[in-house]
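Novice: Listed below, chain by chain, are the residues.
Number of protein chains: 2
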Amino acid sequence: MAKEYVVGVDVGGQTTKIGVVNAKGDMLADATIIRSDTYGADAGAYIKALAAAIKESIAVSGKTPEDIIGIGVGAPNGNYYTGEVAFAPNLEWAANGSVPFAKMLEEALGCGLRVTLTNDANAAAVGEMTYGAAKGMKDFIMITLGTGVGSGIVVDGKVVYGHDGFAGELGHVNVVRGGRACGCGRKGCLEAYCSAVGIARTAREWLECTDEPSLLRLLDPEKLASKDIYDAAKRGDRMALRLFDYTGTLLGRSFADYIAFSAPQAIVLFGGLARAREFLYEPMLKAMNENVLNIWKDKVKIVFSSLPESDAAILGASALAWEL
Amino acid sequence: MAKEYVVGVDVGGQTTKIGVVNAKGDMLADATIIRSDTYGADAGAYIKALAAAIKESIAVSGKTPEDIIGIGVGAPNGNYYTGEVAFAPNLEWAANGSVPFAKMLEEALGCGLRVTLTNDANAAAVGEMTYGAAKGMKDFIMITLGTGVGSGIVVDGKVVYGHDGFAGELGHVNVVRGGRACGCGRKGCLEAYCSAVGIARTAREWLECTDEPSLLRLLDPEKLASKDIYDAAKRGDRMALRLFDYTGTLLGRSFADYIAFSAPQAIVLFGGLARAREFLYEPMLKAMNENVLNIWKDKVKIVFSSLPESDAAILGASALAWEL
Chain A
10 MAKEYVVGVD VGGQTTKIGV VNAKGDMLAD ATIIRSDTYG ADAGAYIKAL
60 AAAIKESIAV SGKTPEDIIG IGVGAPNGNY YTGEVAFAPN LEWAANGSVP
110 FAKMLEEALG CGLRVTLTND ANAAAVGEMT YGAAKGMKDF IMITLGTGVG
160 SGIVVDGKVV YGHDGFAGEL GHVNVVRGGR ACGCGRKGCL EAYCSAVGIA
210 RTAREWLECT DEPSLLRLLD PEKLASKDIY DAAKRGDRMA LRLFDYTGTL
260 LGRSFADYIA FSAPQAIVLF GGLARAREFL YEPMLKAMNE NVLNIWKDKV
310 KIVFSSLPES DAAILGASAL AWEL
Chain B
10 MAKEYVVGVD VGGQTTKIGV VNAKGDMLAD ATIIRSDTYG ADAGAYIKAL
60 AAAIKESIAV SGKTPEDIIG IGVGAPNGNY YTGEVAFAPN LEWAANGSVP
110 FAKMLEEALG CGLRVTLTND ANAAAVGEMT YGAAKGMKDF IMITLGTGVG
160 SGIVVDGKVV YGHDGFAGEL GHVNVVRGGR ACGCGRKGCL EAYCSAVGIA
210 RTAREWLECT DEPSLLRLLD PEKLASKDIY DAAKRGDRMA LRLFDYTGTL
260 LGRSFADYIA FSAPQAIVLF GGLARAREFL YEPMLKAMNE NVLNIWKDKV
310 KIVFSSLPES DAAILGASAL AWEL
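Top line first, the protein sequences correspond to chains A and B.
Offset between the first sequence (1-based) and the numbering used here: plus 9.
Offset between the second sequence (1-based) and the numbering used here: plus 9.
Be aware that a few hints might be false.
Because identical chains share one entry, a pair is satisfied inside a single copy or across any pair of copies.
[To be verified] SDA-like cross-link-like pairs, simulated, lysine to any residue; straight-line CA separation at most 25 Å: (1) K147 / F175; (2) K144 / E332; (3) K112 / G245; (4) K33 / K236; (5) K308 / F96; (6) K196 / P292; (7) K232 / K306; (8) K147 / G166; (9) K167 / T125; (10) K147 / D173; (11) K112 / V312; (12) K196 / Y255; (13) K232 / N105; (14) K236 / M248.
Don't read these hints as lab results, they were simulated from the structure.
None of the values given here were measured: they were computed from a predicted structure.
Produce the complete structure using the sequences and hints provided.
Specialist: Structure, rendered in structure tokens:
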């Protein structure tokens, strides 16, 4: 019988989630979850535990390794070319060096299953193309709006990896010259403004620099999160609405420049902050069309991920494995 | 005998140049040149004359159509997917509509030779990859610094055409938010600052807004051109040197953002303004490395076209035809 299933592995800072997926993008069973953060700097121990959990996930799904085409992994700083995870600040076992993840996992599995990996945003792009909102599209740009801003660029049906495997860092394209400090050590990056953390920073700045009344003033500014801004906007809070307007405008302007690069059919959004689509969509679309070169005005769509949010990262990672 | 030659056609606003090229990138004879601007809006008449000139060029090179693999054309607004030249302001016969150039030329030739076309910057990129400074590179970005700023992006050995064939318009990426007007109708585009026309505009602005002494004050400001700034810089004129510094800095900053997109091995420069490499190179490289994400610092090269300048556009166009 032909192999009809793939395994997706979503490596996060705290947990790693595993699922067996069919060609339609359905998970055969609930995700198997292990902690990523209990192995300290011991990459070997973590990967051994992961291999065991993958086998368990396959068994729980009623399958055997023989039914599986391969294993796709989405990991922060995962490199498609080398199969390594390198200098990933949120993964203690890969924070200070380079871990030959794919090779180690194949060895730990010891059953001939092959492993392919990439970073989480590229995995999300492949997931949307294989099962989701970008199905049938050959040219699109995936933007993940989470704690940070990630991106996966698809040109002619293939993820752009670039010379070294690290292409698609649109979260670190400059959006405000000389602007606020970004976690990367530079200034004015898109991520510093348009991530979940970024919009909360904007809120704190506005609360501090103005006297404008807002529901957000009832909260501890240090703990203020993008979810609070969303809740306030839902209740009609004007500052909260303007925060989304500002954030969406910066995103739309950036999209206009990205379009000049790869002429995509659509920008596809995913991630925690993208949940605020009712507040972000209009300002994004307006700023994009106001700033884009005429030939693309009103031609490029902004769409939102259509994958079930809880499993999207697993599905994205799994989609990589169909090419094995 | 195997076919070993291609024809390159460089369509410009005033003249069209044609050459027969071998696999090493040598032209077999001097370019055949016809006027592009004597046919008014009559695309048919122009293309008929072009077909005759192509046949003449093949004959002058001592070859017959049977020796030729195909014909590559670089034309403003040339679309690789559709073979059309559309709304090209500098070509009267294609200024107000869409001309099915490739199809018409194939018919006018009437000898079974196939025609492929793209815009001039993409043709330049293919030329550098096939015969020039990007030989052996699979990921690079070509920037043409002429009257305007064009670009051709190569990812994994292939030109990025995008969804509609128009990808790679980096001359119209924003470089100064709300900055000076660009010919495209928008504000602050790279082309408005870093083209040959752009640096002359900067010079006029600086001459008008300051009293700084400069050799450039001896010239009619209306006629001041990038070549004059180059000549002044050669003579050590401080304003001229700072003009290149400023222009190079804007270019380098932009390159830093492009790298975040496609992680190229190199940025390859070509065009009239790129001749000022001794003044542009250092500020470009410095600004690029100061603004790029850490993982690419000091890793991406800036190189200059290595094709003979007079024939570079023909060679670039010809390179397209090897794929026919």
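Novice: Against each hint, give a clear statement of whether it holds in the structure.
Specialist: Right, here's what the structure says about each hint:
{"no.": "1", "hint": "K147 / F175", "verdict": "both (20 Å within a copy, 15 Å between copies)"}
{"no.": "2", "hint": "K144 / E332", "verdict": "within (16 Å within a copy, 29 Å between copies)"}
{"no.": "3", "hint": "K112 / G245", "verdict": "neither (52 Å within a copy, 57 Å between copies)"}
{"no.": "4", "hint": "K33 / K236", "verdict": "neither (32 Å within a copy, 60 Å between copies)"}
{"no.": "5", "hint": "K308 / F96", "verdict": "between (39 Å within a copy, 17 Å between copies)"}
{"no.": "6", "hint": "K196 / P292", "verdict": "both (24 Å within a copy, 19 Å between copies)"}
{"no.": "7", "hint": "K232 / K306", "verdict": "neither (39 Å within a copy, 35 Å between copies)"}
{"no.": "8", "hint": "K147 / G166", "verdict": "both (4 Å within a copy, 17 Å between copies)"}
{"no.": "9", "hint": "K167 / T125", "verdict": "both (15 Å within a copy, 23 Å between copies)"}
{"no.": "10", "hint": "K147 / D173", "verdict": "both (22 Å within a copy, 11 Å between copies)"}
{"no.": "11", "hint": "K112 / V312", "verdict": "neither (36 Å within a copy, 36 Å between copies)"}
{"no.": "12", "hint": "K196 / Y255", "verdict": "both (18 Å within a copy, 20 Å between copies)"}
{"no.": "13", "hint": "K232 / N105", "verdict": "neither (29 Å within a copy, 57 Å between copies)"}
{"no.": "14", "hint": "K236 / M248", "verdict": "within (14 Å within a copy, 52 Å between copies)"}
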